[in-house]
Structures are given as structure tokens and as C-alpha cells.
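Please take these sequences and the hints and turn them into a complete structure.
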Amino acid sequence: MKSFRDIDTDLGSSDPEVRRRATAAVAELSPADGAARVLRALGDSDWRVRKEASSVAATLGPADPLLDRLVTALFPGDNVGLRNAVVETLAAFGRSAIPAVTRVIHRLDADGKKLAAEVLGRAHDPIALEALESLYADADANVRTAALEAIADIGPLAVDAASRTLLGALDAEDTHLKLAALEGLNRLGIVVPWEKLRPLTGHRILGRAALAAASRAGRIEAAEALALALEHESPAMFRLAMVGLAELAVGAEVLVEHWKGQGIRLGNKARDRLLEAMAPESQDVEGRRAALVVAAVVNEPAGVDLAIDALVDDAVAREADAALRIFGPPALPRLLARVANGASDLRAAAIARLSELVEKDSEESVRLALRAAIADSSTEVASAALASLGSLGGPEDIAPVFAVVTEKRKGCLPAARGALALLARRYPEDARLTASVARRDQSSQIATSIVIGALKGDVLGSVAEDVLYLAAALSSADPETRLTAIEAVAEVGSDLGMEAVQFALADEEREIQLSAVRALGRLRTLDGRAAGADRLVELVGESNEPELTAAAARALGEAADPRARLSLRPLALSKSPLVAVAAVETLGKLDDPDRIEPLLEAARHPNSEVVKAALLALESVRDRRALDQLGQALTHEAWDVRRLAADCLGRFGGRDAAWVLRDRMLGEGEPLVREAMGRALSAIEAPSTARRPATIAPPKGDP
Amino acid sequence: MSLASRPDDIRLRPDEFRMLRDLVNGHAGIYFGDEALPVLERRLRERLLALGLKKYSEYYQFLQFASGGVTELDEAIDLLTTNETYFFREDYQLRAFGNEVLPRLADDAASRRRLSVWSAGCSTGEEVYTLAILIKESGLFPNWDIRVYGSDISRRCVAAARRGIYGPSAFRTSPAAFRRDYFIERADGSHVIDPIRELCHFGHLNLMDNERVRVVGRVDAVFCRNVLIYFDQKSRKKVIDMFYERLIPGGYLFLGHSESLLNISTAFELVHLSEDLIYRKPLAPVAARGGYE
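Read top to bottom, the protein sequences are chains A and B. The first sequence begins at 564 in our numbering and counts up one residue at a time. The second sequence begins at -17 in our numbering and counts up one residue at a time.
What the hints contain is simulated information worked out from the structure, not anything from laboratory work. By construction, the Cβ of each residue, glycine as well, lies at the ideal position given by its N, Cα and C atoms. It is possible that some hints are incorrect.
Only some residues are given here: those of chain B computed to face chain A with a beta carbon under 10 Å [claimed, not checked]:
(1) Y131
(2) R137
(3) T155
(4) E180
(5) L181
(6) H183
(7) E193
Laid out in C-alpha cells, this is it:
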């Protein structure tokens, strides 16, 4: 270990490498001894020495002697490099640096206050808000602007407070302050009242940021302002307005209808720009997405074909879809034209969109196109047509779809099965007739079983007849037939099917065994009891096959049997994660207040997937012990468990959950977990602030 | 010359034989005497090769502890069991069933209008279809709920039974009319007709698994012919007790011509038919159960 004197001598060396090594040696000193030396090195003229000093500061940790020394660099001085290096170092300490900075903040000059605001903003911790609010009240405009920017930085963790301050700043006289506020609001996706935005949209400096905010305003006037901006000379303004308008339009039917009702047309220049933006060769994907939607909003005729073409382009397919919905029924003839000709993927995509554009008077032409397409040589096209016929077809379509199922046409069977079930539900009498006529033909067992399942029985004369038929289908050599039959028995749900289901547990095909287990949970006696509950209780206790046990656990939950909790409790601790997760998820759904005990046990399972399942179940149990367990999971060794625990606490809600989150946030090093903690705190503390993410894609699919 | 071991080099040592034999016995009840060592060696060798194992002791470890061990044990038992059977095997017993037992069952079960028969160890299904045809031909059960269950420990056999397609050797002792009336001739063999097939239900069951066999429910008659001869005494007793449990009171048990319940169970009563002796579960339970003296 080097002596103080050697270190100090070397820090004064003319050789940067000697100074760097001396700085590295400071890491072996105590924070009290190292603080002044770190500060000296942070002010070094050589970047390598400054970098080493930052690293040494991190090693020494956020101890008071070091922090107090570092903040002295925020006071006036000539060394700009030192100040910047200190800001970086303090910001890296996060929450720990806040008290030291706050203590000196009011003694700093304007430049120092700006730097302090930056440190506080980058600490990403709501406890800095109070200090920042005081800086926001500073006499110096630049300090106020820096404070506002820092408040926006903390915003995701304290949306309500940030939103209040940022919206308030829009009433200020200072243009730069307003700009900082608007940009912060845009970054946080906070909805700004149109009344506040309107005066700003035409402003030379604020106009762009105000138009960006207008896309979230949800007002027709905002749409008009954006439309007006489409005619702006500047290509950047055009693009901004286009993206904003698209954001506003997606999912806002009232606005779109109003807009289309106005019959507004673009000027030539804006139209050319729009067509250019939506062209397939455009490299600006975000611009192309927006252009597709805006073309539909302004009813640009050339947009229909471009939107249809874009249906098979993954990068813009969602927006093309949205555009066609906005174009509405007038686009149907163009879409029908594409169904008949062209590449099979595009034809299939066009078929899939027909249902959204069809109207009463166009129904028959659509059905004709679909009927022709189900015989297409492309299975992609035929499958799409079958799927659409399910929702668009008439009673006369039952027989041809029934035939496709019966012949098990390669590649089309899944779509045909779905279509037949849909048609049967829409036209039950016709479906019953078709199934009754076909019942003697063994090759139609799949189709007939689908009809029985879709109508939940009473197809072949009585439920008893249906069950007999399905039991016979279960003797088929074809596994697909047996699987369909067992699923239909489950749909019918009568305990008359109990014997057939029981024996299917001995099927040599695993998928059929599993279906039989699931069916056990769904069969009911006349007085509503779960007929298969006894068998399921036995199965969860006796089976040594994890897949079957897991299925039985889930089925027992569906059976809603009072023995479920006791039967599932040992399974929740099973060594097999498959079994344990199934048991935990089922326990979570039970209407049994005592389910918390096994869930708490499962939350300590050695397998992290089981722990995660238990946490998800615990988040909806209103019990202090659930909260404690979720909080404890924030210290779990697996980062994904900690992240989930944070999200669960966010949904659990309440002041105590927020307190636990904030307490753990300090020691959390994993950025993804910290982000989740911020998200959770935001959800607990600011559920009321209206936010909208900056995206033009409509919310679709799984969260 | 290759140094790699040839398949024939893998030898089953006596200690390995005992371990494997006991494992199979514990799982399926099937018992192999010491003389069966070459049989096990020959039949299981292909599994060792398929799994890339070099010793039978490794195979034993795999069966016991590997994640796919249970499935592999089914494979092994598939290879070790004999599946040879045909329609109308031991026809005197089937005549007794058709002419004397079915009329009794038609009377006994008249109020239920439901008949269940189980062929336990059905192999490729010939016995199951034979029983279904006999029931159909008897004409005693119009509009009854008839179910003929067939189960076997071999998945391959169950799948073949479901297909219901047979070659000429399966008909070696069948009357010509039987084949003509209940089968359709196609290029790939004789297919069981649909009305018979619909009565027959097949499942993969180990008779030693007391819990799983409960999927069969209660039955009026059990056929378990030439199956228990492969079991040891303890396993036989376990299976017979299970049959007793599965039969309704008054239900019948048919064993192979060389099989009896001697020293296994006294719970059943003996029924003398014109061509055969069969067992019956008494209508009222018997007080003591032990072996026939």
C-alpha cells in the first residue's frame, strides 16, 4: 500500500500514467482519507485520470466524507472538467447523493444550482422532488428550467407531482420554461388539456412540442390543428403533424368519423408528401405507419391499395389494418378484388379483413368470394376463407364446412373445425340437422362431435343420445377423433359422460389422457356438483406422472370442490415445477380464504418459477401476510422474481406497499428491477394522472 | 478392425438379469424364471442400442431414474410380452359365454339395460371384438348400453386393437360366416365393421396398477385368459382381488383353460356350465378369503 505522501507526490506528477496509478491507489484508503484526493483527481486535466477517479469514488462508496467533499465542486470554480466529473460521480451514487447535495443547494450560484438540479434529476428518486421544487422557485430562469427538466426526469416515479408542476409551468411567461415543461410532458406521455395547448400550437419555438402534445389531447380541435400543420412548409413539421394525427386517430372512432364527415382534402404538396411517406420503399417506418393511418383519415383514394399491400408487411401491418378499418366499407370492392388474385399470403390477409368491412348489402358478395376460396389450392387462402366463413357464412355454409372437416383436408382442418363450431352456434337448427343426417357415417365423427360440443349437447335427440354417440367415437382408431369426442363430452358437461371420460384416462395417447382429466373437472350432476371431483382428488394424490398430476390439479380447481385446497397443498411444494405451478395457480383462483397458507409456503419454493406463480396469486389476496411475502420477494436472489414482486406490489397497492418498494429501491442494483419498482410506485401513487404512451399502434393482443 | 463393441457383445450378467426381472415383476406382475435370461438378453438388446447404453446395468439405472424411465419400461414390457392371439380362441369357453352366461346377464341386468364386459390383457383386440360379436349375435340386448372394454399393458397392442384390421391368421379358428358378416375385406386386411367397433373401447392399463384400473368402472364379466400364467403368485392374487373389486355382485370371471384360483382366492364361487367351469362373484360377500384347498 502506498503512503499518503507517495500518493500525493504521484498525483502531482507530470506523467498522466503516474497520476492515474496514484489515483487507483486511493481506492485502498478510507473515504475520509481518500475524499480530497479523489476530488483532486476528478479535476485532473487528463481524462484517463478522471475516469480512474470516478471508478475509485464508486469503490469508496457514498460515505459522508466523500460526498461532502464532492459537493464542494458545485461551488464556483474555473475547472469545468472537475464540475462535470463530479456531477457524473454524484449522479452515479443515486439516492445516496441527495442529502449531501440538498444541504448545500441554497449556497450555490446559479451554475452550481443547475448542476445540482442535474444530479438530483439523475438520481431518479422522488425524495429529490422537494429540493427540486425549491429550485423551481429560484429567481434565475435557467435554474428554474434545469429544475423543471430534472422534475420531468423523476416523473416516471412520481407522475402526479411531476405532472402538476409541469402543467403549471405552461402558464409561465418564460418561453424556455414552457418548452422544458412541454418536452417533459411529452416524454412522460401526460395528457395536456387542449385549452392550455391551443395558444402554443402556432408559436415559433413552442409550436412543435405543442403539436406533439396535441396528439394526446383527444379533441377534435387538436386534430384540426394537426391537420393544419400537415400543410406546413417544413417537412419536419409535416411529419410531426402526420405522426400526431395518426396517434390521435387510432382508437378514436368519434374523431375519425367527425374528420371524415368534414370531407377535408389535403393540399397538393401535403398529398404528395403523404403518398411519398406511405410508399413501400420509404425507409422511415414510423412515418410510413403514420401515413397509412392518415391517408385513411383524409380518405385518400390511393391509400386503399397501399394499405392492402401493407397487410403482409410485418413492420406496418397493424397500421394497415387500422387504416382499412378507417376507410371502412367503401374499401370492400378493392379488398374483394385482391381476394381473387395475387400472392396467396396477400389473398389470405385480405380475406381475414373482410369481416370488418362487410355490410348487410355486401354480405352475399363476400360469402360468394369466401365459398370460392375454400376450394383454393393454397391452404393458406382456404384456411383464411374457412375462418371467415365461421363468422360471415350463412346456414347453407354448414354442409360444405362440415365436409371439409370430414375429409380432414390437409392444412385446413384447424380453421375448418373453428368455422364449424362458430356456424353451429350461429345456426343451431341447421347444424343439428346436418349432424343428425351424418351420424351413421363414421367418417364424420369429428364433425358431428364438434357440432355436439359447440351446442353443448341436445343435437342427436337428447343429451343421452349425444353422450352415447361420443362414447362410440371414443373407440375410433383415429386419435384426432377421440380427442374431439372427449372435448365434446367436456363441453356437454353432463355426468352421463363420466364413464366414457374415465376410460379415456387409459388412452394410449397422452393428449387424450390430459383432455380426459380436464373433462373430469367440467362434468356436472343434475344438481350442479362436479361429477369427476372424487376421481380428481384421487388422481392428484396418486399419479406419479407430472403432466397428468398438473392437469388434474387444474381440473380440480375448475371443479370448485371444497377438498381442493387440502388436496393441492402438498402439490404446491412438489419437486416438479410443472406440478407445483399448476397447484399454485389453481390455489390462487380458489374461493377459499385459507388458500393463503399454501401460497405463502409456495413463495419459498426453491424453484423460482413456482415462486413467481405464488407471488402472482398472492397479489390478489387481501391479507397483510401476502404483502409481507411480496416485500420479502424483493430480496430474492433471482432478478426476475424481484421484478415480478415489484409489479405485484404495484397491483397490490396501498401505502405500505409503496413504503416497502421505496425502502428496497435503495439497495437494488438491477436496472430492470428498479424500473419495475418505479412503475409500481407510479401505479400506487399516481393512478389518477392521465397518461398515454407515445405510440400510434392500437393496443392489441396480450399485454 | 473396429474396436467398437458389436451388439452381440453386450451380455446380460446374472445379477443384471435379476435386477431387471424384479423391476419388471414389480411393475407389471410378469415373472421370468432363470431360464429366461437369454430371452431378456435378446429382446432388450435393441433398447440398449437405441439408447446408446453399453451395459444392462446402465439400462436398469435408466429405467429406474431417468426422466423417460416410465415410458421406457412400457417399451421394455412391450418387447418382453407375447401378443399372439386370434378370434374365437378357446371357443368352448366362448360358446359357454354366448349360450349360458349372456342369457343370465340379460335377466340379471334387465332393469339397468346396460352390459359391461372387460377383456383384461386384450393384446391386439381379437377377444374384444369376438365378445362384442357374441353379444350382438345373441339378440338379447336390443337398445341396451353395451360396452366391451379391452385393456393391455402394451401401447402398441392397444393401438393395433383400435385399428381393428386383421390378417388371415387371426381367423384360423373362426367360422366363415363370422368373417363374412362382421368384417369388410380391404387391401390392407379385414376391417371390423363400424357397428361392432362402436361397442369396443380400448385402453392402456397395467393390471397391477390398482388405481388406474378403476377407469374401467364396474363390469358384468371379466375375461383374463392366458395372462396370469406369466405372473408370479403374489401378483396373481393382487390382480384377482382387483377383478373381484371391479365385478358387480353376480358378475363372472373367465380365466384360461390352464388357469385356476387354486391357492389364490376363495372369494369367488365356481359355476358349472355345460362346457366349462367359470368363477362368479357371489351376490353376497363371502366371509373369509384365502386359497382354494
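Going through the hints against the structure:
no. : hint : verdict
1   : Y131 : 7 Å, holds
2   : R137 : 4 Å, holds
3   : T155 : 25 Å, violated
4   : E180 : 4 Å, holds
5   : L181 : 8 Å, holds
6   : H183 : 5 Å, holds
7   : E193 : 5 Å, holds
Consistency note: the structure conflicts with earlier hint 3 alone.
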